[in-house]
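Fit chain B to the known structure of chain A by using the hints.
In order, the protein sequences belong to chains A and B. Heads up: the first sequence at position 883 corresponds to 883 in the numbering used here, and the numbers run straight through without jumps. Heads up: the second sequence at position 3 corresponds to 1003 in the numbering used here, and the numbers run straight through without jumps.
A couple of the hints might just be wrong.
[Stated by the list, open to error] Cβ pair distances, simulated, as ranges:
#: 1; chain 1: B; residue 1: W1052; chain 2: A; residue 2: Q228; range: 38 to 46 Å
#: 2; chain 1: A; residue 1: S224; chain 2: B; residue 2: W1067; range: 32 to 40 Å
#: 3; chain 1: A; residue 1: S224; chain 2: B; residue 2: A1032; range: 34 to 42 Å
[As the list claims (entries may be wrong)] From chain A, some residues computed to sit far from chain B (all C-beta separations above 12 Å):
#: 4; residue: A36
#: 5; residue: V225
#: 6; residue: W380
#: 7; residue: L733
#: 8; residue: E772
#: 9; residue: H901
#: 10; residue: T912
[Claimed, not checked] Partial selection, computed: residues in chain B whose CB lies under 8 Å from chain A:
#: 11; residue: A1027
#: 12; residue: Y1055
#: 13; residue: W1058
#: 14; residue: A1066
Keep in mind that the hints were calculated from the coordinates and are not lab data. Built from N, CA and C at the ideal position, the CB exists for glycine as well.
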Amino acid sequence: MTIELGVLFGVALAYLGLLFVVAYVTERGGWPARLARHPAVLALSLGVYATTWTYYGSVGFADRQGFLFLTIYLGVTLSFLAAPLLLSPLLRLVRDYQLQSLADLLAFRYVSRYTGPLVTLLTLLGILPYMALQIRAVTSSMEVLTQQHAPATSPLLAAVFCAQVTLFAVLFGARHLQPRAKHDGLVMAIAFESIVKLMALLTASAFALVGVFGGFGGLEHWLSVHPQALAAMYAPVGGSAWNTLLLLSASAAFLLPRCFHMLFVENVSRGGLRTASWLYPLFLLLLNLPIPLILWAGRSAGVTTPPDYFLLALAQRYGGDALTLLVFIGGISAASAMLIVESLALSGMCLNHLLLPLWLHRRRRSDGDLYHKLRRWRRWLLLAVISVGYLTYLVSGQSQGLVQMGLISFVAVAQFLPGVIALLTWPRATGAGFLAGASGGMAVWFFTLMLPLLGGHPDLLHRLVPAGASPWPLPTFWSLAINVALLVTVSLATRPQPRELLADQVIRLHARLLRERPQAPTLAQLSRRLTAALGPANGARELDQALRDCGLPPGETHPHALLRLEARLERNLSGLLGPHLARSLLGIHTATGRLIEDQFEREPRRLTGLAGELDHLRRLHRQMLRTLPIGACSIAGGGRVRLWNQRLALLSGVREEAALGRRIDELPAPWADLLDGFLAVSDAHLYRIELALPDGVRWLNLHKEAVSFDPGDGGDVVLIEDLTEQRLLEAELAHTERLASIGTLAAGVAHEIGNPLTGISSLAQNLKLEAETEELRQALDEILNQSRRIQEIVSALLSFSHSGGGRQAQVQRFDLAACVRDAVRLARLAASGSGLQFVAEMPDTLDVFAERSRILQVLVNLLTNAADASAARATIDVRAQAADDGVTLIVEDRGCGIPEHLRERVFEPFFTTKSPGSGTGLGLPLVYSIVRDHGGRVRLESAPGSGTRVEIWLPQPAAEVAP
Amino acid sequence: MRDVEPNPGPAQRRRPYRPPGADHEVALTLLAAALLASPAAALWNDPVRPWWLLYLVWAVLIAGAAWLARMRRDD
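The shape of chain A in the complex, shown without the other chains (with noise of 0.2 Å):
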């Protein structure tokens, strides 16, 4: 039975339609998304590996060598069971850095403008020949079809192929303007193939079962009869040839251009590389399956066919037209999926590598639109690559089978496996190293593998390889032996440049970064902890009630869920035993959430390009943030604290690695309460919040704004004004303000009152003289009393009201002690008759520079308040000493003290605690004048019933500063 070949060539075009049907239809989003882009979508793209070697070769290939057949798919199994070793740092370096390709990869790290061309040059002398083979193999099938030998219409039914291949390639493989952009309708186009070419497999190798056989109870009859058959299955697998083809297919299942396009580049899918690894290979066992039981049906039914086409002998014989057909679109999939991916891939190497290095080179002027510019070279090097592997095929000869071809291209791409793993593994590796190994690598593969297939030496492989022996193992082990002793030797002979020592960090520090997640404790961690500081009965009754509360089950190991319990138990031992010990409890001791800030700030100036500008830019943005002259905080949906700046550690004196992370509830008091109340509040802003701080009374204005950055990463950003020295200035100002008023005044009721009182007292005086009574005397002597009074109060106004323009002091160097002596004393005259002690505690000289009569004058002042204010035979001090910077000064009774609601006024004029008579109310404002003239500071301690204690700091000359 013979198809015609027009009926093949009709069929083959209306397949390759529907192909073109499924493409179009996913790129105008005719399917779901979520179906275009599924796992299992890319799993099955990736069957694109199975060619028409796997398709026809593998009955042939097992019909040679048995069993080995199954290495070509078993070492893939193993590439995809090393993922997480090898495929996953691939995937997301290809990912993160928009590599197209292998070439773009290992340029990528070996930076030389050799890498790129000679890894493109070399994979194209590797895999045309084979893309030659793939359009051999539809016309074979033809052929065989047809029950024609090599029809003169071969030619061009090969040619029409191609050319229908590269139309698809070019429609739906380089369609988007942007290289980056992923081709969805390409993608569920190769899938769709492998489906097609697994149907056909099973379908066609089930009819042959049931019509060679009669079912498996047949198949294992047979086989008991032919025992030889399965004998012949086993006895080549073993020795070098079984790990030689396992290490060939491992490496090609994502070293393979069209390998690596699938897997890394088209890769969308989230978690698309996690199901591939089981489903990928699920597909390629499916799909090797029926190899057995075809070679076998095939021998049993006496095909006549060569084994690399018993699937078409037997589909033709047994399923009729029908699965004939099938059996032939499936083999027109696998070598139309091939071509079309494979030449996808090499156009986009050529593009990168050998033609754009090209034309920047030469390029005089900015000419037209670039990226149509790309799309259009791009199509371009498309038709071109399908073009020389259909040449190929015109002048190849036939006396390669699928299988030996397929291997070749296998050992070819090998020989970047040597760099791939450096490139992985091994930071020493240099791109000089890297050149000679693959260089040294791919001639030793051309000389014992490729040689011999141009016709060149053919007896070369011959006399190396022991007759009988596998052919592979040799020229594979010498291959990448050479290779690696030469990556090897070279890299350790040359220095690696600057460049690829950032490369190598930034594979390295890539990897780590996405790897690495926030420590958390393990449940048995925390169990531990707890039973350490609240024994066993109460640790598992505090570790049950968190896991409770968080609704976590028993065996919980996510770290997010257990950074949560952690949280948790701490807030539950929080209320038991506060904070602090809760914390140190739990062993808290450093925020999360902040890995790769920190890891950046470690490890800085690690990338290039434009991921070093937005490295540099979040620097700037961090730094400007962290050093605000205002406190700033940042507050996570959660509570957690995640920005405490500079300024705002200064002013709590809570340092930014121990607010980072912690909830705003667990800070230290009052700033607990503070945010955590001013969050809850409506109000954006709030003004002048008094806040009782250790060191004194701040004064502070807080806005917030809420952020919103990602869905569930909201938060507010708090701003913290701290007023408390606008504050002080302001009540100086008004102080001094106020002072000067008063002394304008005190100097004008002084002179107008100076006058009029002289002459009273003058007038007094004479009048006592000429006074006759007795009772005219007493009443003149009370005259003069009062006016003397007024006089003092005059002088105490004028004395005022001369300190309080702000004056500069006279200063002059003289003794404080002898100063102080001389104070004490006047007091002592003062307040004699009252038993008081002033007890003087000084060096016996401590020379400063000030103006000596008003220093005198302040003494006085502070001695005399404080012999009104102490009781009889009471203790007065008087301190001086020399401070750092200059003179301190301290005058302390242990008299009634001052109320604290009248603390802040003792400095104000005219206000005394005195009683009527007593006191003029200007003492204290004449100390705080002229300490302020000297540039000086006062400070007032005072408690009701203990006593007062003023404290005068002196500034002096620094020299002058000396005990």
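Chain B in isolation, oriented as in the chain A frame:
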């Protein structure tokens, strides 16, 4: 300064978590087992060995890969 630990989501919450590094250890163990098991099965010199023995070993490897994939959280 975002929290780098993403919300695991309901689908991932159902899977037990394996800490970073465990994937690699498991992958290496499976790989070593596979490299030992598949040639051993192929070289098993027993006249009654079934023809599908290698496929069985292969299926076990795939089951190992599926189990490992279930452990992993990202790719």
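Consistency of the hints with the structure:
Our hint of 38 to 46 Å for W1052 of chain B and Q228 of chain A is violated, since their Cβ atoms are close to 18 Å apart. Between S224 of chain A and W1067 of chain B the C-beta distance comes to about 36 Å, which sits within the given range of 32 to 40 Å. As the Cβ distance of S224 of chain A to A1032 of chain B is approximately 36 Å, the hint placing it in 34 to 42 Å holds. Listed as a non-interface residue, A36 of chain A keeps its Cβ farther than 12 Å from every Cβ of chain B; the least gap is roughly 19 Å.
Distance check on V225 of chain A: its Cβ is at least 14 Å (rounded) from any Cβ of chain B, clearing the 12 Å threshold; non-interface status holds. Residue-level check passed: W380 of chain A sits 35 Å from the nearest beta carbon of chain B, beyond 12 Å. The non-interface label for L733 of chain A is consistent with chain B: the shortest C-beta to C-beta separation is roughly 41 Å, beyond 12 Å. For E772 of chain A, the shortest C-beta to C-beta distance to chain B comes to about 97 Å, beyond the 12 Å cut-off, and the non-interface label holds.
The beta carbon of H901 of chain A is kept farther than 12 Å from every beta carbon of chain B, the shortest such distance being approximately 46 Å. The beta carbon of T912 of chain A sits about 57 Å from the closest Cβ of chain B, which is more than 12 Å, so the claim that it is off the interface holds. With a least beta-carbon distance of about 5 Å to chain A, the hint placing A1027 of chain B at the interface is held under the 8 Å criterion. A least Cβ separation of about 6 Å between Y1055 of chain B and chain A falls short of the 8 Å threshold, and the interface hint therefore holds.
At a threshold of 8 Å, the smallest CB-CB gap from W1058 of chain B to chain A is about 5 Å, leaving the interface hint in force. The interface hint given for A1066 of chain B is met, as the beta carbon of that residue sits about 4 Å from the closest beta carbon of chain A, less than 8 Å.
Violated hint for the displayed structure: number 1, the only one.
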